[in-house]
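Novice: One letter stands for each residue in the lines below.
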Amino acid sequence: MKTILYIVQKEFLQIARDKFLRAAIIMVPIVQMLVLVYAATFEMKNIKIHFVDQDHSQASGELIHKFSASPFFVAVDPSEDVWTGEENLKEDRADVVCVIPSGFSEAIGTGNSTGIQLLINAINGTKAELSYVYCQAVIGDFSNRILAEKSMMAGMGGIETRPRHWYNPELNYKIFMAPGILVILVTIIGWMLTGMNLVKEKERGTLEQLNVTPIHKYQFIAGKLIPFLLIGLFDLTFGLGLARLLFNVPVEGSLVVLFTFATIYLVAILGIGLFISTISNTQQQVMFVSFFFVMIFVLMSGLFTPVDNMPEWGQKINIINPMAYFIRVIRMVLLKGSGFADIQRELIAISIFAVSTNALAIWRYRKTV
Amino acid sequence: MKYTQRSTRHHDVVIDVQHMYKRFGSFVANDDLSFTVRKGEIFGFLGANGAGKTTAIKILSGLSKPTSGEISVAGYNVYNQTEAIKRNIGYMSQKFSLYDDLTLAENIRFYGGVYGLSRKVTRERMDELLEQFGLMDFKKSLITSLPLGWLQKLAFSVALLHKPSIVFLDEPTSGVDPITRRQFWELIYQAAEGGTTIFITTHYMDEAEYCDRVSIMDQGKIVALDKPQKLKQEYQAGTIYDVFLKIAR
Amino acid sequence: MNRFIAFVRKEFKHLLRDYRTVLIIFGIPIAQLLLFGHVITTEIKDAEVGILDLSRDEVSTKLTQKLLGSGYFKVSEDIHNVNQIENLFRKGKIRELIVLEENFGNKLRREGKAQIQIITDASDPNTAGILSNYTQSIVARFFSEEMAPGLKPLIQVDQRMFYNEELRSANMFVPGTIALILMLISALMTSISIAREKELGTMEILLVSPLRPLQIIMGKVVPYLVLSVIMAVVIIGVGFFIFHVPIRGSLILLFGLLTLFILLALALGILISTVAKTQQVAMLISLVGLMLPTMLLSGFIFPIENMPKALQYLSIAMPPRWFLAALKDIMLKGVGLAYVWDEILILTGMLIGFTLISVRKFQIRLES
Numbered sequence: 001m002k003t004i005l006y007i008v009q010k011e012f013l014q015i016a017r018d019k020f021l022r023a024a025i026i027m028v029p030i031v032q033m034l035v036l037v038y039a040a041t042f043e044m045k046n047i048k049i050h051f052v053d054q055d056h057s058q059a060s061g062e063l064i065h066k067f068s069a070s071p072f073f074v075a076v077d078p079s080e081d082v083w084t085g086e087e088n089l090k091e092d093r094a095d096v097v098c099v100i101p102s103g104f105s106e107a108i109g110t111g112n113s114t115g116i117q118l119l120i121n122a123i124n125g126t127k128a129e130l131s132y133v134y135c136q137a138v139i140g141d142f143s144n145r146i147l148a149e150k151s152m153m154a155g156m157g158g159i160e161t162r163p164r165h166w167y168n169p170e171l172n173y174k175i176f177m178a179p180g181i182l183v184i185l186v187t188i189i190g191w192m193l194t195g196m197n198l199v200k201e202k203e204r205g206t207l208e209q210l211n212v213t214p215i216h217k218y219q220f221i222a223g224k225l226i227p228f229l230l231i232g233l234f235d236l237t238f239g240l241g242l243a244r245l246l247f248n249v250p251v252e253g254s255l256v257v258l259f260t261f262a263t264i265y266l267v268a269i270l271g272i273g274l275f276i277s278t279i280s281n282t283q284q285q286v287m288f289v290s291f292f293f294v295m296i297f298v299l300m301s302g303l304f305t306p307v308d309n310m311p312e313w314g315q316k317i318n319i320i321n322p323m324a325y326f327i328r329v330i331r332m333v334l335l336k337g338s339g340f341a342d343i344q345r346e347l348i349a350i351s352i353f354a355v356s357t358n359a360l361a362i363w364r365y366r367k368t369v
Numbered sequence: 001m002k003y004t005q006r007s008t009r010h011h012d013v014v015i016d017v018q019h020m021y022k023r024f025g026s027f028v029a030n031d032d033l034s035f036t037v038r039k040g041e042i043f044g045f046l047g048a049n050g051a052g053k054t055t056a057i058k059i060l061s062g063l064s065k066p067t068s069g070e071i072s073v074a075g076y077n078v079y080n081q082t083e084a085i086k087r088n089i090g091y092m093s094q095k096f097s098l099y100d101d102l103t104l105a106e107n108i109r110f111y112g113g114v115y116g117l118s119r120k121v122t123r124e125r126m127d128e129l130l131e132q133f134g135l136m137d138f139k140k141s142l143i144t145s146l147p148l149g150w151l152q153k154l155a156f157s158v159a160l161l162h163k164p165s166i167v168f169l170d171e172p173t174s175g176v177d178p179i180t181r182r183q184f185w186e187l188i189y190q191a192a193e194g195g196t197t198i199f200i201t202t203h204y205m206d207e208a209e210y211c212d213r214v215s216i217m218d219q220g221k222i223v224a225l226d227k228p229q230k231l232k233q234e235y236q237a238g239t240i241y242d243v244f245l246k247i248a249r
Numbered sequence: 001m002n003r004f005i006a007f008v009r010k011e012f013k014h015l016l017r018d019y020r021t022v023l024i025i026f027g028i029p030i031a032q033l034l035l036f037g038h039v040i041t042t043e044i045k046d047a048e049v050g051i052l053d054l055s056r057d058e059v060s061t062k063l064t065q066k067l068l069g070s071g072y073f074k075v076s077e078d079i080h081n082v083n084q085i086e087n088l089f090r091k092g093k094i095r096e097l098i099v100l101e102e103n104f105g106n107k108l109r110r111e112g113k114a115q116i117q118i119i120t121d122a123s124d125p126n127t128a129g130i131l132s133n134y135t136q137s138i139v140a141r142f143f144s145e146e147m148a149p150g151l152k153p154l155i156q157v158d159q160r161m162f163y164n165e166e167l168r169s170a171n172m173f174v175p176g177t178i179a180l181i182l183m184l185i186s187a188l189m190t191s192i193s194i195a196r197e198k199e200l201g202t203m204e205i206l207l208v209s210p211l212r213p214l215q216i217i218m219g220k221v222v223p224y225l226v227l228s229v230i231m232a233v234v235i236i237g238v239g240f241f242i243f244h245v246p247i248r249g250s251l252i253l254l255f256g257l258l259t260l261f262i263l264l265a266l267a268l269g270i271l272i273s274t275v276a277k278t279q280q281v282a283m284l285i286s287l288v289g290l291m292l293p294t295m296l297l298s299g300f301i302f303p304i305e306n307m308p309k310a311l312q313y314l315s316i317a318m319p320p321r322w323f324l325a326a327l328k329d330i331m332l333k334g335v336g337l338a339y340v341w342d343e344i345l346i347l348t349g350m351l352i353g354f355t356l357i358s359v360r361k362f363q364i365r366l367e368s
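Protein chains in written order, with the numbering used here: chain A, 1 to 369; chain B, 1 to 249; chain C, 1 to 368.
Hints may contain errors.
[What the hints assert, rightly or not] Think about it this way: if two alpha-carbon atoms lie no more than 30 Å apart in a straight line, the pair counts; the simulated DSS-like pairs of lysine-lysine are:
(1) B:K139 x A:K202
(2) A:K48 x A:K66
(3) A:K316 x C:K198
(4) B:K163 x A:K19
(5) A:K174 x C:K74
(6) C:K91 x C:K66
(7) A:K200 x B:K139
(8) B:K163 x A:K202
(9) A:K217 x B:K163
(10) A:K19 x C:K198
(11) C:K45 x C:K74
By construction, these hints were calculated from the structure, which means they are not laboratory data.
Could you build all of it, start to finish, from the sequences and the hints given here?
Specialist: Next up, the structure:
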């Protein structure tokens with residue numbers, strides 16, 4: 001135990017002297033909160049819509065007005081021919097072109113059905129899909145209202161649907177994103193710093209001097225792990241503070257639950273970082289291997305879109321993706337107030353991870369060359 | 001943990017190597033090495049770069065496993081008692097390998113802790129060694145601010161910190177100026193007088209003269225092994241350098 | 001010149017001997033192309049919902065079946081009372097709860113109105129929004145079918161997805177992956193490999209060799225340049241033959257653009273290595289200054305126009321943004337130089353600027 005403390009003390013001395021590390025520990029959370037949360041957004045606002053109004057009627061005007069009133073759309077200069085619309089798409093001046101054909105209001109007046117054409121720039125498929133869903137909602141609402149006015153259903157109230165959005169009534173995307181970014185933050189800080197740290201000792205030759213001492217492998221791994229665990233927890237606290245300050249992210253659940261899970265998660269992640277550095281010889285290698293796996297873990301973790309939307313095989317792979325567990329748990333605890341009983345499955349899974357990655361790191365760490 | 005003491009032929013033999021081989025694929029780095037080193041001896045390993053000196057020293061200090069052979073260091077075998085060996089030896093590598101972003105004192109304190117010395121013992125040993133090595137004024141200096149020769153002295157003091165019975169020095173003086181080399185050897189003598197066995201590799205032939213016994217290595221084999229004086233007589237040479245030239249030819 | 005060629009050959013060997021790195025350089029685009037299309041999708045099917053039918057009459061059962069028949073929803077938990085709800089949400093078992101009020105069918109028949117409450121788990125706001133949108137439109141359709149059978153929906157929406165009719169995500173991720181890989185090889189790897197020579201002190205040995213400083217830098221850069229070109233061709237090839245990503249524009253223009261961006265990335269890599277003393281610093285600058293913006297501020301994954309103004313301005317300074325815009329235009333829209341001249345002009349300006357700065361920095365370092 002004492003030996004471990006000596007290693008921890010040494011690591012902290014080195015970290016304290018390293019200007020670059022100090023800057024990274026403070027700056028990375030700030031940059032991530034300021035840039036990532038704002039930039040990594042699928043929140044649909046300001047979809048640029050270009051109207052080709054060939055009808056020029058009160059009805060078409062009402063529809064256009066309905067779009068403009070929605071927070072999701074911004075109308076750009078309209079025109080009267082589809083060709084101009086397409087040109088706007090090509091030049092990226094519009095994301096969606098909405099063509100209202102002549103005869104639109106006449107058809108509506110007589111109760112005949114009519115068509116509206118939507119031309120959507122689909123290079124970004126996700127955005128196109130969302131734009132389409134939002135357009136449909138506006139048009140559907142418009143058509144239902146007219147139906148209700150015109151048809152025999154007038155006077156009937158219809159089925160009143162009242163959506164209530166729990167945990168995030170305003171559908172604020174940042175409250176969804178910020179906790180996820182916190183997971184990215186502690187993962188990158190923990191994984192990269194430990195990985196780099198060990199392999200740096202290899203590159204500099206200081207590891208050889210340690211290897212001729214009677215130090216135990218587990219003491220060495222623990223001594224490397226503890227400092228970065230503390231730094232990870234510090235950055236989580238710091239990041240969470242920023243998230244509250246900047247985005248008013250709620251803390252519905254207990255911080256004890258969150259930090260317990262975070263500690264086990266960090267131990268698991270640090271174990272991966274250490275393992276990778278035991279099988280690498282240069283910092284460049286660690287960097288590349290880590291970049292590759294972090295990228296896959298992030299993409300699959302459900303950070304942007306729910307894991308449930310993925311195909312079966314994707315969900316299967318996520319069983320071995322520690323990030324997927326933490327992203328789920330941090331949102332559950334912060335936004336929904338889930339407790340230990342609700343995250344049991346995740347807690348068990350991440351504990352298995354923590355034990356096995358560190359066992360792997362200790363096993364693979366060789367005191368011989 | 002319990003380690004059984006191996007019987008040795010002389011009770012004061014601390015390193016016993018019989019038929020040691022180390023192969024890397026088809027390359028034989030150590031080819032049938034056999035020798036013994038007695039307690040308190042300064043034993044020199046001589047040879048050009050690539051002769052297999054570092055390979056041998058790494059095996060003896062438990063950093064690497066031999067392919068075959070019967071080898072014991074401080075009474076423990078190098079196959080499965082390496083951790084017991086490590087408790088009894090000090091090691092100084094060819095390349096400076098202490099932390100250059102820590103001070104002298106911090107480095108020593110760290111290694112004291114790793115070897116399980118108490119804070120008090122570490123402090124006393126540190127003052128003793130730094131005094132002896134003339135490094136006291138730089139106790140609180142960062143390593144990066146010191147010249148190479150002094151760093152080598154510091155590395156040596158770290159190797160001696162836990163009072164090991166054997167110290168392995170792998171080319172400790174390479175790249176160091178002649179005056180510092182001289183001083184370094186004084187320190188080696190002092191350590192040996194205190195009963196510490198010194199196992200040293202070098203490619204400086206003049207340094208061989210300082211050793212009690214030297215073995216000359218060439219292409220993985222030991223081609224000569226004796227007291228420097230005896231070797232010079234045997235090969236009718238004025239210096240070990242001449243001996244080396246004769247053998248190598 | 002012979003000396004220079006020998007040096008380049010040595011650098012190539014260095015690069016290729018590290019099989020792990022080479023493996024990963026090829027692994028990254030493959031993994032990205034495989035994953036992106038499937039894992040980031042807003043397409044909802046079989047979302048786990050709860051339906052609490054307090055009425056359990058003929059009409060409410062019919063509506064329940066209608067909801068489940070849509071393919072969007074799936075019921076995996078039976079809900080009998082209101083007290084269960086909170087727990088199910090907290091455990092993350094359901095994403096939406098649909099509550100049909102008591103006497104649903106009777107009220108609808110007699111009074112022509114009834115109530116449905118939709119509760120969503122808005123901790124994921126996009127999914128919550130989409131789910132409640134879907135539910136509302138299914139309910140609205142049910143109502144008109146039930147109460148006014150035979151009435152056709154008033155407005156039919158005919159949608160056409162431009163440039164990417166099948167919403168293939170590859171069309172978006174192939175160009176993005178090219179930008180990312182080129183940055184990775186040309187800028188990040190180059191900067192780390194030069195910084196490594198500095199850190200380990202081998203740069204000084206090179207600098208006292210008869211090679212001229214410019215030759216040393218060129219020698220370090222050439223292998224990465226070659227690797228970059230190979231990777232760009234491989235990714236475009238894979239995109240074209242496997243994912244059927246079209247190349248509608250001129251090939252000459254395409255390769256001109258690729259070359260321009262590779263040179264720009266190399267210039268950035270060299271610039272970083274003149275500033276960074278250690279590999280770690282080089283890496284951090286490359287990651288934060290280049291890789292992150294390539295993924296986030298270039299329009300690769302996230303649309304730039306959704307971002308706050310400050311980030312939109314910041315993205316103007318990011319080379320990958322202009323590269324991606326031009327690349328997508330050439331590959332997917334098939335436009336000519338007339339449409340992308342501004343992006344090309346900006347990239348050329350950046351290339352000249354960064355080259356000048358790094359040459360200056362390099363000279364200062366040599367003199368001091």
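Novice: A separate judgement is required for each hint: does it hold in the structure or not?
Specialist: Hints, verified against the model:
1. Taking the CA atoms of K139 (chain B) and K202 (chain A), the gap is about 26 Å. The hint holds against a cut of 30 Å.
2. Restraint check for K48 (chain A) and K66 (chain A): the C-alpha separation of about 14 Å stays at or below 30 Å, so the hint holds.
3. Simply put, K316 (chain A) and K198 (chain C) have alpha-carbon atoms about 44 Å apart, too far for the 30 Å limit, and the pair is violated.
4. Between K163 (chain B) and K19 (chain A) the alpha-carbon distance is near 36 Å, which puts this suggested pair outside the 30 Å criterion.
5. For the suggested pair K174 (chain A) and K74 (chain C), the alpha carbons sit about 28 Å apart, so the restraint of at most 30 Å is met.
6. A distance of roughly 27 Å separates the Cα atoms of K91 (chain C) and K66 (chain C); the hinted pair therefore holds under the 30 Å criterion.
7. For the given pair, K200 (chain A) sits about 25 Å from K139 (chain B) by alpha-carbon distance, which is consistent with the 30 Å threshold.
8. Straight-line distance between C-alpha atoms of K163 (chain B) and K202 (chain A) comes to about 26 Å, which keeps the hinted pair within the 30 Å bound.
9. For the given pair, K217 (chain A) sits about 23 Å from K163 (chain B) by alpha-carbon distance, which is consistent with the 30 Å threshold.
10. Distance check on the hinted pair: K19 (chain A) and K198 (chain C) sit about 18 Å apart at the alpha-carbon level, within 30 Å; holds.
11. Pair hint K45 (chain C) plus K74 (chain C) holds up; C-alpha atoms about 8 Å apart against a cutoff of 30 Å.
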